[in-house]
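Respectively, the protein sequence lines represent chains A and B. Counting in the working numbering, the first sequence runs from 10 upward without gaps. Counting in the working numbering, the second sequence runs from 3 upward without gaps.
Incorrect hints may appear among the rest.
Distance condition first, Cα-Cα at most 30 Å in a straight line; then the derived DSSO-like pairs of lysine-lysine [unchecked claim]:
| no. | chain 1 | residue 1 | chain 2 | residue 2 |
| --- | --- | --- | --- | --- |
| 1 | B | Lys134 | A | Lys54 |
| 2 | A | Lys54 | B | Lys173 |
| 3 | A | Lys58 | B | Lys198 |
| 4 | B | Lys61 | A | Lys115 |
| 5 | B | Lys198 | A | Lys111 |
| 6 | A | Lys57 | B | Lys61 |
| 7 | A | Lys150 | B | Lys102 |
| 8 | B | Lys198 | A | Lys54 |
| 9 | A | Lys54 | B | Lys61 |
| 10 | A | Lys54 | B | Lys176 |
| 11 | A | Lys150 | B | Lys198 |
| 12 | A | Lys122 | B | Lys198 |
| 13 | B | Lys134 | A | Lys58 |
| 14 | B | Lys61 | A | Lys150 |
| 15 | B | Lys173 | A | Lys122 |
| 16 | A | Lys57 | B | Lys176 |
| 17 | B | Lys102 | A | Lys115 |
| 18 | B | Lys134 | B | Lys61 |
By construction, these hints were calculated from the structure, which means they are not laboratory data. Predicted model only: the values in this text are computed from it and were never measured.
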Amino acid sequence: MPELNTSSLPDLIFSILFFFMIVTSMREVTLKVEFEVPQGTELQKLEKKSLVSYIYIGPPTREYRAKLGTESRIQLNEDFAEVAAIHEYVLQERESMQERDKPFMKISLKMDKNTQMGIVTDVKMALREAWALNISYSATKRQ
Amino acid sequence: MARSKRKVPGLNASSTADISFILLIFFLVVTSMDTDTGLARRLPNPPDPNQEEEDVKVKGRNVLVVQVNMNNEISYYYGDQASRVAQYNVQPSDLYVIAKEFIANPSNKANMPEFHPADPPLPLLGAYPVTKNHIISIQTDRTTKYDVYFQIQNELVRAYNDIRDEFALSKFGKHFADIVPESDEDLAVRGVYPMKISEAEPKQYGGN
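From just these sequences and the hints, can you work out the full model?
In structure tokens form, the structure reads like this:
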């Protein structure tokens, strides 16, 4: 029986590899808050990731709980933050975007279901003041 | 000089496949293909500090108020003075029906939004009568659960989407989802049923 010619196998694997390299987007932040987003039906996809900035709100993960309690906290970039820091965060995020993309900036709010509306409203107010008006309440599809 | 007959030995490439396999597996593991989904909303412009706080005058019949109290109980009432009776123990899915009737006002009820000819005229439809002044206001307590608020938003957006879809089907014979964004048909449908969900600041009520 003739041996199978495997000389093109590396090329094949390489092309699959390149595909995955291109579609990969590594998670940029380590989450310090836990959240379970609500479920909805009228959801839209956030198409371009370069336009989206994230705000995470939820109870701190276990290791921070002793220090911070279980009340929902805001996480921007890598760290916990207060509502007052959102303005600065939005400006920074906008600064790092390309000029033509700036008007299409989107904020994805990844918030825990059980968060109280008080903090949500404060965040929304801060976003309004920073003119970051396109928001998306992050959610998963209800089956 | 004797011509060398030596051939360059072929590079042993049999391990390339293994190496790229390892790389492939690494990328397979770290890849997150899931795209973020969410309920897209647009916030109103920030309040102008120089401007005197003026009460936006909205006729009562154009307002539908949905309230959620600190115990996450939903109630609603029509802004019209004559029929201002709050309904309690409402489920988010009930709001879908209520909002749908309120937005379209198909039987032209007196406690639901009034019709005005569209101004400026809509593409394809011209001065079509629209309930452009209507507004659905969601008021929450600071201790309301975000999930309840989200479900309300979701139901209201669903009401708008369905109402637009029905309208697009009857006028243009296609689903709203199939209409090209920013086309004349899209602008017409959006013009007839503009999404007016007020994201007002929460009020303290219902306990302390």
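We went through each hint and held it up to the structure:
1. B:Lys134 - A:Lys54: 28 Å, holds
2. A:Lys54 - B:Lys173: 27 Å, holds
3. A:Lys58 - B:Lys198: 28 Å, holds
4. B:Lys61 - A:Lys115: 33 Å, violated
5. B:Lys198 - A:Lys111: Given pair Lys198 of chain B, Lys111 of chain A holds - Cα atoms ~25 Å apart, limit 30 Å.
6. A:Lys57 - B:Lys61: Violated - the C-alpha atoms of Lys61 of chain B and Lys57 of chain A are around 40 Å apart, more than 30 Å.
7. A:Lys150 - B:Lys102: 22 Å, holds
8. B:Lys198 - A:Lys54: Distance of about 22 Å is within 30 Å: holds.
9. A:Lys54 - B:Lys61: Cα-Cα ~36 Å, so violated.
10. A:Lys54 - B:Lys176: 22 Å, holds
11. A:Lys150 - B:Lys198: Judged against 30 Å, a Cα distance of about 24 Å means the pair holds.
12. A:Lys122 - B:Lys198: 24 Å, holds
13. B:Lys134 - A:Lys58: The given pair, whose Cα atoms are some 34 Å apart, is violated under the 30 Å limit.
14. B:Lys61 - A:Lys150: 37 Å, violated
15. B:Lys173 - A:Lys122: 39 Å, violated
16. A:Lys57 - B:Lys176: 27 Å, holds
17. B:Lys102 - A:Lys115: OK: Lys102 of chain B and Lys115 of chain A at ~28 Å, within 30 Å.
18. B:Lys134 - B:Lys61: 12 Å, holds
The earlier numbered hints that this structure contradicts are 4, 6, 9, 13, 14, 15.
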